[in-house]
Amino acid sequence: MTEQTQAAPVFTSTASMIRALGLIATICGVIIVGVYESTLTPVAANKKLALERQVFKVLPGAKHVTEYFATASGITPTEGHTVPADAVRFYAVYGADKKLAGIAAEGSSAGYADQVRVLYGYDVTKQAIVGIGVVSMRETPGIGDKILTDEDFLKNFKELDVRLAGDMQALANAVKTVKHGTKKNAWEIDAISGATVTSKAVGRGINQSAQALLPKLVPHIDQLRSQP
Amino acid sequence: MSTPEKKAPSNMDELLDGLWKQNPIFVMVLGMCPTLAVTVSAINSISMGLATTFVLAASCLLVSLLRNAIPKEVRIASFIVIIATFVTVVDYAIQAISLDLYEALGAYIKLIVANCILLGRAEAHAAKTPPIPATLNAFGMGIGFTIGLLAIGGVREILGAGKLFGISLFGPHFQPWVVMVLPPGGFFVLACWLIVFAWFKQNKANKSKPQQGCHTTPTTEGSRA
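For the record, the sequence lines run as chains W and F.
Position 197 (the first sequence) corresponds to 197 in our numbering; numbering is contiguous.
Position 8 (the second sequence) corresponds to 236 in our numbering; numbering is contiguous.
Read the hints as simulated data drawn from the structure, not as lab findings.
Hints should not be assumed to be uniformly reliable.
The calculated DMTMM-like cross-link candidates involving lysine to aspartate or glutamate, where the alpha carbons are at most 20 Å apart (straight line), are [claimed, not checked]:
id	chain 1	residue 1	chain 2	residue 2
1	F	391	F	301
2	W	48	F	241
3	W	63	W	150
4	F	338	W	37
5	W	47	F	331
Sample of chain F residues with no beta-carbon within 10 Å of chain W, all distances over it, derived [to be verified]:
id	residue
6	290
7	310
8	313
9	314
10	316
11	323
12	388
13	399
14	406
15	424
All C-beta atoms, glycine included, are put in the ideal place defined by N, C-alpha and C.
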């Protein structure tokens, strides 16, 4: 390769190669940073809007969302704080009367194709999950994606029991996905027949997230009663 | 195109080149990764096509403007940096326009960097052509790519979901042919379109055979692929 170049009549100097690469890197750098900075505000606004839309779907009557994180020592608003690695993020959701309408949090678990990420709404007085929505999934269209539309499946989340046990360390009953048609208890999820893997992913995601979040959150729930 | 200055193509020729004669999907069969992956619906196809068109036109313009400043020893690195820059621009722009679209297109926006149409056009055309024809040619290629994606995406959405642009076509009793929106459907539909194109080409070749023994179209096509 180098021999060929040297033999060629036109000789390219080291300086001109470095200069060309430097020039291109500079031009490209200016373009990238310029676009990044000018899209920063609309992208953040879009993300907030998308989150609010999701949250309002799982907690009807919601008007305002504030992001918090919970650790063993208590709950803190995310804004202006760095979130520790072991913290669990959640959203405190307020209605038009500025009273706490519920809590929304995300759970995720491996489905058939990829992670199934669901957002669920938690009702504090009922101690139950009252709605779910899908944040992202790549499940098979027409099969796994029925978790969005199957009415019988969505009925599971009208009032899914996630009460804490007496010692406030874990759920009284772990959320569990059961075979289609065998649901007996309020903490069980009746799977969609033919889409068991995806149904189980939803149940597992909710269970993991609720087990991690609720024991840290419920003792401090009074801090969140009215909108800050 | 391998002997360019013999008869310089007009700007119109440059623009139309990618639409039909050198269509990136159906004739050159380039950029198969997004072609198969994102064409599950018409709207995804159009968005992907337009994103690629923008990257193609912008990077070919810049490559063409800088073509005399880039020594050939460092040209690949230079082209890739330029292409990656405009892919990043599109990535941010789509996030700013619609997060739903961004989610739908997923990793394939970033993978435009590795789409061989881009480096192919920069290397084979823009690096040897003045800015205006280079940009027009790139734009035409991009639109040709978009049309190709739309042809596949439209068919897959109609058969696989019973919709076009999200509008239901056949009413609630239509049983969607789900495999069409799954990965194999991409191969099926692409194969069918390639058969259609091959059949057209064959027909044309058969027609022109009696008049002249050797015709030029296949050689131009071959020289670029």
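Hints, one by one, checked against the model:
Distance hint between residue 391 of chain F and residue 301 of chain F is unfulfilled; the C-alpha atoms sit about 50 Å from each other, more than 20 Å. The straight-line distance between the Cα atoms of residue 48 of chain W and residue 241 of chain F is roughly 46 Å, outside the 20 Å bound, and the hint therefore fails. Annotation: proposed proximity of residue 63 of chain W to residue 150 of chain W is violated, straight-line Cα distance about 27 Å (limit 20 Å). For the hint pairing residue 338 of chain F with residue 37 of chain W, the CA-to-CA distance comes to about 19 Å; that is within 20 Å, so the pair holds.
Restraint check for residue 47 of chain W and residue 331 of chain F: satisfied, since their Cα atoms lie roughly 12 Å apart, inside the 20 Å limit. For residue 290 of chain F, the condition that its CB be more than 10 Å from all CB atoms of chain W is violated, with the nearest at approximately 7 Å. For residue 310 of chain F, the shortest C-beta to C-beta distance to chain W comes to about 6 Å, within the 10 Å cut-off, and the non-interface label is violated. Not every CB of chain W lies more than 10 Å from the CB of residue 313 of chain F, the least distance being 4 Å, so the non-interface label is violated.
With 10 Å as the threshold on Cβ separation, the claim that residue 314 of chain F sits away from chain W is violated: the shortest Cβ distance comes to roughly 8 Å. With 10 Å as the threshold on Cβ separation, the claim that residue 316 of chain F sits away from chain W is violated: the shortest Cβ distance comes to roughly 5 Å. Here residue 323 of chain F does not stay apart from chain W, with its beta-carbon only about 5 Å from theirs, under the 10 Å limit. The claim that residue 388 of chain F lies off the interface is violated: its Cβ sits roughly 7 Å from the closest Cβ of chain W, which falls inside the 10 Å cut-off.
Once the 10 Å rule is applied to beta carbons, residue 399 of chain F is consistent with being away from chain W; the minimum gap is 17 Å. Once the 10 Å rule is applied to beta carbons, residue 406 of chain F is inconsistent with being away from chain W; the minimum gap is 4 Å. Its beta-carbon lying about 26 Å from the closest one in chain W, residue 424 of chain F satisfies the requirement of being farther than 10 Å from that chain.
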